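Undergrad: Residue-level listing of the chains:
There are 2 protein chains.
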Amino acid sequence: MIPGPVPVHPRVYRAMSRVLYGHRTKEYQTTYKETVALLQRLLHTEQDVLIFAGSGTAAMEAATANAIEPGEKVLNVVNGKFSERWSELTTAFGAQSLVQEFAYGQAAEPDAIRESLASDQSIRAVTICHNETSTGVLNPAKEIGQIVRDYDRLFIVDGITSVGGDYVYPDKWNFDMLVTGSQKCLGVPPGLGMIWVGSRAWKKIETRKQRNPTYYLDLLKAKKRYDGFGDSPFTSAVSLMYGLRESLIIMFEEGYEQRIERHHRLGRITRAGYLGMGLDLLADPAHYSNTVTAVKYPSGITDKEFRAQVRNLGILIAGGQGPVKGKIWRTNHMNVCTERDVLATIAIIEIVLKRLGYEVPIGSGVLAAQEQLLKEKF
Amino acid sequence: MIPGPVPVHPRVYRAMSRVLYGHRTKEYQTTYKETVALLQRLLHTEQDVLIFAGSGTAAMEAATANAIEPGEKVLNVVNGKFSERWSELTTAFGAQSLVQEFAYGQAAEPDAIRESLASDQSIRAVTICHNETSTGVLNPAKEIGQIVRDYDRLFIVDGITSVGGDYVYPDKWNFDMLVTGSQKCLGVPPGLGMIWVGSRAWKKIETRKQRNPTYYLDLLKAKKRYDGFGDSPFTSAVSLMYGLRESLIIMFEEGYEQRIERHHRLGRITRAGYLGMGLDLLADPAHYSNTVTAVKYPSGITDKEFRAQVRNLGILIAGGQGPVKGKIWRTNHMNVCTERDVLATIAIIEIVLKRLGYEVPIGSGVLAAQEQLLKEKF
Chain A
1 MIPGPVPVHP
11 RVYRAMSRVL
21 YGHRTKEYQT
31 TYKETVALLQ
41 RLLHTEQDVL
51 IFAGSGTAAM
61 EAATANAIEP
71 GEKVLNVVNG
81 KFSERWSELT
91 TAFGAQSLVQ
101 EFAYGQAAEP
111 DAIRESLASD
121 QSIRAVTICH
131 NETSTGVLNP
141 AKEIGQIVRD
151 YDRLFIVDGI
161 TSVGGDYVYP
171 DKWNFDMLVT
181 GSQKCLGVPP
191 GLGMIWVGSR
201 AWKKIETRKQ
211 RNPTYYLDLL
221 KAKKRYDGFG
231 DSPFTSAVSL
241 MYGLRESLII
251 MFEEGYEQRI
261 ERHHRLGRIT
271 RAGYLGMGLD
281 LLADPAHYSN
291 TVTAVKYPSG
301 ITDKEFRAQV
311 RNLGILIAGG
321 QGPVKGKIWR
331 TNHMNVCTER
341 DVLATIAIIE
351 IVLKRLGYEV
361 PIGSGVLAAQ
371 EQLLKEKF
Chain B
1 MIPGPVPVHP
11 RVYRAMSRVL
21 YGHRTKEYQT
31 TYKETVALLQ
41 RLLHTEQDVL
51 IFAGSGTAAM
61 EAATANAIEP
71 GEKVLNVVNG
81 KFSERWSELT
91 TAFGAQSLVQ
101 EFAYGQAAEP
111 DAIRESLASD
121 QSIRAVTICH
131 NETSTGVLNP
141 AKEIGQIVRD
151 YDRLFIVDGI
161 TSVGGDYVYP
171 DKWNFDMLVT
181 GSQKCLGVPP
191 GLGMIWVGSR
201 AWKKIETRKQ
211 RNPTYYLDLL
221 KAKKRYDGFG
231 DSPFTSAVSL
241 MYGLRESLII
251 MFEEGYEQRI
261 ERHHRLGRIT
271 RAGYLGMGLD
281 LLADPAHYSN
291 TVTAVKYPSG
301 ITDKEFRAQV
311 RNLGILIAGG
321 QGPVKGKIWR
331 TNHMNVCTER
341 DVLATIAIIE
351 IVLKRLGYEV
361 PIGSGVLAAQ
371 EQLLKEKF
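Quick note, the sequences are listed as chains A and B, same order. Per this note's numbering, the first sequence starts with residue 1, numbered consecutively. Per this note's numbering, the second sequence starts with residue 1, numbered consecutively.
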């Protein structure tokens, strides 16, 4: 139940086990193009989606190294561990990182971002993490996108734990670049980083005055190769691509709306269960993530002991990172996760909390989760 | 029979299909460290081996971006498509590429490299491709390593199609960095790039005056994370790592010497078969690769038609690249490849050549290959 790598559908494993086509064959190029088309369908877009052998961080680096010029000022909106990565990348690639910070658990505030853009005309780009995996917060990407577009700046979004699990409309929401990875809501083992690049980002890349050195993650090279041959400039992670294609096919068998609504439902049930035990969630209730939930430890419960006991009962959950390390735990509701999984998780966690001395009438968490499920359409 | 991605052992597929451990769990870190230890055993080394989610080119970029300073002069020994990549990377990362060229099919000449180093004291590093996949040439890495060490320069080696298929001793042969990838002689699907870093390379990295921006491929960060936790700074390609570990276990079950000698034997049988058909090989006979063989087209045979017909009979082979595009074909003898595979390949190729009008007494290639096999120890 950790927020990635998530459990993988058996059909995805099977697809990954097929004999490898040569990565420069027509057959593989056909598979590759089908996979890109499925990703485009998932993102409601006809713009470019490029895929790298690498983690989601590689795709984040591709965005930074290609679209941000050395010396440029970037507004890095930071409200968790993963949004912080944009700031590290901005600095690593010689640009100026202006950090706009919000507390762990709070969402990025569009008005504050508007003020920053209004007060400093030299900001060239804004970065956010759409769904902050480290805090269980879903940032208002659409609202921020409108503001960034109003100021004609580049809007670069990390969608690593939103794409495939929540609504994401890069075109409609005025994104310029959107990155994601294989091992979260897309339901594939880690090793693929993907990037959607909008026309304004291409224009920025094509009119760069200065540029960082790029080779492996050179977006223009990747686009040229894909447009010409339907594959990637360097050897593609063939087996993971078979897995991604299969996982996307499974997604559309379930249906886009159905899939996203299932994630929302699982989020509501999970939160109902935790709240029913009298626990506090980390995230601002107006901005709950639908793919991961972060829960504050009640006093007297230690992270290490708690997670070890939960694990002994067969469920792997995640701790906190950065300033909330030791103060929260996190459980995912992504990809093949079902009501069965979240109910079992609530039940086990309730038992471990009880055993460790937390005063909770046994069954209250599961009951609250069940009551929520009873209200849901399914 | 293309030189990578190569066929994968069923046990490797099975290993890749196991439930994913969380990439930050003790269990996964144990698996990770075991995998690194197996790679170290394969390379007869106790020095660092770092693994990236990415292709072999990502590992080449890690070497260049970390160990070469902008403006430095690098002697890029080029005798094929893959050695050329070092020159492209050198240039991409702001260093000065001095290309020492040898014809496609010729090996790099140690004496000529010595002369270059003697005549230009400002050269800081030398790159080679150990086994040139594009030409079927095995470069004399040991001899070149001695020369580069004599001049106290950094020696950076691409071992993508030699590691696991031929003898490679990075310590004894005076390498400073050695890169490889998962999908060739290591027998795993593509998606992992590996780099061995010797103590002199670390010293160079630690004493850089100028540096290129790196983040995803930052070697110091990767070493720090591995030394501290036994895993990688960014999400590891978990399923491919399971596959790599299994493939390395299979290698040592066969035995190191046995495995390398099998590759040598398959190389001899393959070459005997082609030569028995009266064909010419591209490579200098003193420097045949033991993992891939390149054959010149006899006049009147066109690449496209030939390879299409071979493929119709169930065997995928590779064409030429760069200046030898359309002039050669290539077949691999890597990883799980056996005598059965190379004999079948020779037999099929003989039939297609005959059908396309090449004057060859039918059976002569297979016969020559069989005669070679009869002489071999097995």
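Source of the hints: derived by calculation from the structure; they are not laboratory data. A hint or two may mislead.
The list makes no distinction among identical chains, and a pair is therefore deemed to hold if it is satisfied within one copy or across any two copies.
[Claimed, not checked] When the alpha-carbon atoms are kept at most 30 Å apart in a straight line, the in silico BS3-like pairs for lysine-lysine are as follows: (1) K221 / K73; (2) K325 / K375; (3) K26 / K375; (4) K73 / K375; (5) K26 / K81.
Keep in mind it's a predicted model, so treat the numbers as computed, not measured.
Undergrad: Hints first: check each against the structure and report whether it holds.
TA: Against the structure, the hints come out as follows:
In the homo-oligomer, the alpha carbons of K221 and K73 lie at most 30 Å apart both inside one protomer (25 Å) and across protomers (25 Å), since each shortest distance falls under that limit. Taking the closest pair of Cα atoms, K325 and K375 never come within 30 Å of each other, the shortest separation being 34 Å inside a single copy and 65 Å across copies. For the homomeric pair K26 and K375, neither the shortest alpha-carbon distance inside one copy (50 Å) nor that between copies (40 Å) is at most 30 Å. In this assembly of identical chains, K73 and K375 lie within 30 Å of each other by CA distance neither inside one copy nor across copies; the values are 48 Å within and 69 Å between.
Taking identical chains as interchangeable, the C-alpha atoms of K26 and K81 lie at most 30 Å apart only when they sit on different chains, with a minimum of 22 Å there against 41 Å within one chain.
Violated hints, listed in ascending order, are 2, 3 and 4; each of the other numbered hints is respected by the structure.
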